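Trainee: Below, each chain spelled out in residue letters.
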Amino acid sequence: MKHVLEFEKPVIELREKISDLRTLTENSEMDLSDEIITLEKRLEKLETDVYDRMAPWDRVQMARHPERPTTLDYIHHLFTDFLELHGDRNFGDDAAIVSGIAKFNNKPVTVIGHQRGKDTKENIRRNFGMPHPEGYRKALRLMKQAEKFQRPIITFIDTKGAYPGKAAEERGQSEAIARNLMEMAGLTVPIICIVIGEGGSGGALGLGIGDRIFMLENSTYSVISPEGASSILWKDAGLAQEAAESMKITSYDLKKLNVIDGVIPEVRGGAHRDILTQAKEIESVITESLNDLSTLDEGILLENRFKKYKNIGDYTYLDL
Amino acid sequence: MLRDFFSKKKRYASIPSQEAKQDVPEGLMQKCPNCQKIFYRKELNRNMNVCPHCDHHHRLSAYERIQHLFDEDSFTEWDKHMISNNPLHFPDYEEKLEKDRLKSDLNEAVVTGKAKMNGMETAVAVMDSRFRMGSMGSVVGEKITNAIENARKAHIPFIIFTASGGARMQEGVLSLMQMGKTSVALQRLHADKGLFISVMTHPTTGGVSASFASLGDYNFAEPGALIGFAGRRIIEQTIREKLPDDFQTAEFLLEHGQLDRVVHRHEMKKTLSTVLDLHSTGGDSL
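Protein sequences, first through last, are from chains R and C. Quick note, in our numbering, the first sequence goes up one by one and the last residue is 354. Quick note, in our numbering, the second sequence goes up one by one and the last residue is 476.
Bear in mind the hints are in silico, worked out from the structure with no lab data behind them. Model, not experiment: these values are computed from the prediction. Quick reminder that beta carbons are idealized off the backbone N, C-alpha and C, glycines included. Treat each hint with caution, since some may be false.
[Claimed, not checked] List of simulated lysine-lysine pairs, DSSO-like, C-alpha gap at most 27 Å: (1) C:460 with C:306; (2) R:200 with C:343; (3) R:341 with R:79; (4) C:306 with R:269; (5) R:51 with R:178; (6) C:289 with R:341; (7) C:306 with C:286; (8) R:269 with C:286; (9) R:344 with C:383; (10) R:269 with C:432; (11) R:341 with C:432; (12) R:51 with R:75; (13) R:178 with C:306; (14) C:293 with R:269; (15) C:270 with R:344; (16) R:341 with C:460; (17) R:137 with R:314; (18) R:182 with C:293; (19) R:344 with C:286; (20) R:289 with R:200.
[To be verified] Some chain C residues near chain R, calculated using beta-carbon distances under 7 Å: (21) 294; (22) 439; (23) 461.
[Unchecked claim] Residues from chain C that keep clear of chain R, each with C-beta distances beyond 10 Å, as calculated: (24) 360; (25) 363; (26) 399.
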């Protein structure tokens with residue numbers, strides 16, 4: 035494990051210690067099994083303490099973990115025959131969004147997701163998973179294709195946000211995102227959206243209108259990054275931890291706010307610890323959702339989708 | 191996004207000198223931030239808040255705009271008393287809302303209702319940047335969604351005038367989801383072949399620009415309006431270069447193919463009436 039997050043340091047240190055003792059026992063006369071057993075018990079307790087009580091800020095770190103599985107990682111574990119398809123037919127191909135056709139449980143689907151890199155080189159190529167308008171337009175093109183051929187759509191959300199750049203503005207970043215929101219609302223096929231890392235604002239939502247919205251336990255979904263919120267609201271980017279609490283951005287917060295349909299449990303210590311197990315968790319959620327949605331009549335599907343969004347929000351009336 | 195709006199305002203703020211403050215009763219005179227000329231506020235008001243010297247479009251409140259554009263006494267307001275519930279229990283949020291309610295004639299950042307333009311019935315939503323920078327939270331999203339649905343059900347056109355710094359931070363992800371909510375409603379209007387005209391006024395940024403503002407069958411904007419997704423400062427920091435002065439203005443967007451027309455405030459009623467008439471959507475009365 036190359037990247038250790040601050041809050042999980044005690045766990046990692048203890049785990050290393052146990053592993054050292056094991057090596058020692060194996061390579062020498064000394065028998066340290068008793069100590070190892072004691073320490074393993076302590077590790078179990080420590081892991082529970084650390085990972086079952088993660089603060090919002092800890093989850094923000096986890097969602098940004100450099101080793102966290104990306105869209106392509108999950109695609110390879112969840113689907114067969116994935117064929118990536120490129121380009122918006124208008125301007126270019128945005129590597130910050132990957133998309134294509136594949137089979138899920140032997141049935142055809144369209145898969146789309148934000149794609150960040152895992153090292154600097156790939157991150158530069160993928161613009162750190164921050165799309166330009168052509169990325170959203172590529173996504174829309176393939177969603178329309180999915181609708182034509184009546185394939186369900188599965189999207190993976192994992193972006194800090196749409197790219198705030200000059201060219202992006204010139205080519206209509208706002209329009210591209212807005213168009214996706216409206217068009218996704220009207221697609222006559224089931225759409226399942228899963229936040230796997232960071233769900234950053236409009237750039238995340240641009241792939242996020244659907245019939246079922248899920249979040250991995252340690253992912254976040256927010257109108258603005260905690261850093262951005264603290265610098266705008268309190269003129270101090272250093273208050274990001276407080277902002278992470280106040281903004282209610284964790285999967286459990288969003289479930290409570292009735293914005294998402296469910297939290298997908300994560301492997302203890304984060305999805306990157308065991309992507310196979312994590313993919314299984316995701317697989318069962320997709321299977322269940324597709325079972326529920328695929329029997330619905332088009333009209334009902336769209337009516338339900340409208341109601342789902344109509345119900346989001348909290349307001350009252352002035353006492354007169 | 192919101193930040194940019196602040197800094198922009200600061201740059202153009204007209205701070206009267208001590209003498210000027212003593213000489214003139216408050217609110218009688220106004221200085222144009224664009225041409226620096228000083229004139230009577232009344233003169234400005236008579237000119238629909240457009241500078242008589244340089245054509246700079248000053249802010250227009252929601253009710254003033256309705257009064258200027260729609261037939262006399264034809265406006266009936268919807269959801270007037272809907273207010274925010276502070277869903278995240280965000281610190282100081284309720285106080286800020288209360289303050290804005292007191293200083294403006296508004297309960298929230300958008301006014302919606304039905305009104306007639308040259309006798310043609312429309313559903314209208316007018317945002318007002320005096321209230322929380324026109325930011326969109328649950329109430330703004332709900333009121334606009336209701337207006338869209340009312341338009342759809344009554345088969346009348348929907349016109350929106352946007353003015354917003356973007357999403358309302360204090361309502362977090364619920365604000366973000368209002369982009370989805372309004373867009374899903376617009377999809378239904380669209381599917382029913384309803385007419386939607388979006389008029390972007392200064393400023394239209396962030397989540398509002400990236401949802402309903404950009405989704406009109408016709409997208410118009412007032413001259414000089416700031417329109418964009420990301421804030422200027424953030425873009426400059428990201429790309430490490432200085433942006434041109436006209437970046438993200440209505441004229442810049444027109445040049446880049448992002449708008450149908452830039453429409454002067456004095457021409458607005460005529461332009462909208464032409465579109466409405468051309469569609470001749472009589473519609474059922476509400």
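Trainee: Hints first: check each against the structure and report whether it holds.
Mentor: So, going through the hints one by one against the coordinates:
1. A C-alpha spacing of about 14 Å is found between residue 460 of chain C and residue 306 of chain C, which places the hinted pair at or below 27 Å, so the restraint holds.
2. Using a Cα cut-off of 27 Å, the hinted pair residue 200 of chain R and residue 343 of chain C is violated, with the two alpha carbons roughly 40 Å apart.
3. For the hint linking residue 341 of chain R to residue 79 of chain R, the alpha-carbon distance of about 44 Å lies beyond 27 Å, and the restraint is violated.
4. Restraint check: the Cα-Cα separation between residue 306 of chain C and residue 269 of chain R comes to about 44 Å, which exceeds 27 Å; the hinted pair is violated.
5. About 54 Å separates the Cα atoms of residue 51 of chain R and residue 178 of chain R, which puts this hinted pair outside 27 Å; it is violated.
6. With a CA separation close to 33 Å, the supplied pair residue 289 of chain C and residue 341 of chain R exceeds the 27 Å bound.
7. For the suggested pair residue 306 of chain C and residue 286 of chain C, the alpha carbons sit about 34 Å apart, so the restraint of at most 27 Å is broken.
8. The suggested pairing of residue 269 of chain R with residue 286 of chain C holds, with an alpha-carbon distance near 16 Å, which does not exceed 27 Å.
9. Between the alpha carbons of residue 344 of chain R and residue 383 of chain C the distance comes to roughly 20 Å, so the proposed pair stays at or under 27 Å and holds.
10. Note on residue 269 of chain R and residue 432 of chain C: the hinted pairing holds, with a Cα-Cα distance of about 23 Å set against a maximum of 27 Å.
11. This hinted pair does not check out: residue 341 of chain R and residue 432 of chain C have alpha carbons roughly 44 Å apart, beyond 27 Å.
12. Distance restraint check for residue 51 of chain R and residue 75 of chain R: the Cα-Cα separation of roughly 13 Å lies within the 27 Å cut-off, and the hinted pair is therefore satisfied.
13. Of the supplied pair hints, the one linking residue 178 of chain R and residue 306 of chain C is violated, its CA atoms being roughly 37 Å apart against a limit of 27 Å.
14. Proposed proximity of residue 293 of chain C and residue 269 of chain R is supported: the alpha carbons are some 24 Å apart, at most 27 Å.
15. Our distance criterion of 27 Å between C-alpha atoms is met by residue 270 of chain C and residue 344 of chain R, whose separation comes to about 19 Å.
16. Proposed proximity of residue 341 of chain R and residue 460 of chain C is contradicted: the alpha carbons are some 37 Å apart, above 27 Å.
17. About 16 Å separates the Cα atoms of residue 137 of chain R and residue 314 of chain R, which keeps this hinted pair within 27 Å; it holds.
18. Between residue 182 of chain R and residue 293 of chain C, the direct Cα distance comes to roughly 52 Å. Violation of the 27 Å bound is thereby established for this hinted pair.
19. With a C-alpha separation of about 26 Å, the suggested pair residue 344 of chain R and residue 286 of chain C falls inside the 27 Å cut-off, and the hint holds.
20. For the hint linking residue 289 of chain R to residue 200 of chain R, the alpha-carbon distance of about 36 Å lies beyond 27 Å, and the restraint is violated.
21. With a cut of 7 Å, the hint placing residue 294 of chain C at the interface with chain R is violated, because the nearest CB-to-CB distance is about 14 Å.
22. Look at residue 439 of chain C: its Cβ only gets to about 11 Å from chain R, farther than 7 Å, so that hint breaks.
23. The restraint placing residue 461 of chain C at the interface with chain R is violated, with a minimum CB-CB distance near 21 Å, outside the 7 Å limit.
24. With a least beta-carbon separation of about 8 Å from chain R, residue 360 of chain C fails to lie farther than 10 Å from that chain, contradicting its non-interface assignment.
25. Non-interface status of residue 363 of chain C relative to chain R is broken: a Cβ of that chain comes within 10 Å, the nearest being about 6 Å off.
26. The claim that residue 399 of chain C is not at the interface with chain R is violated, since a C-beta of that chain comes within 10 Å of its own (minimum 4 Å).
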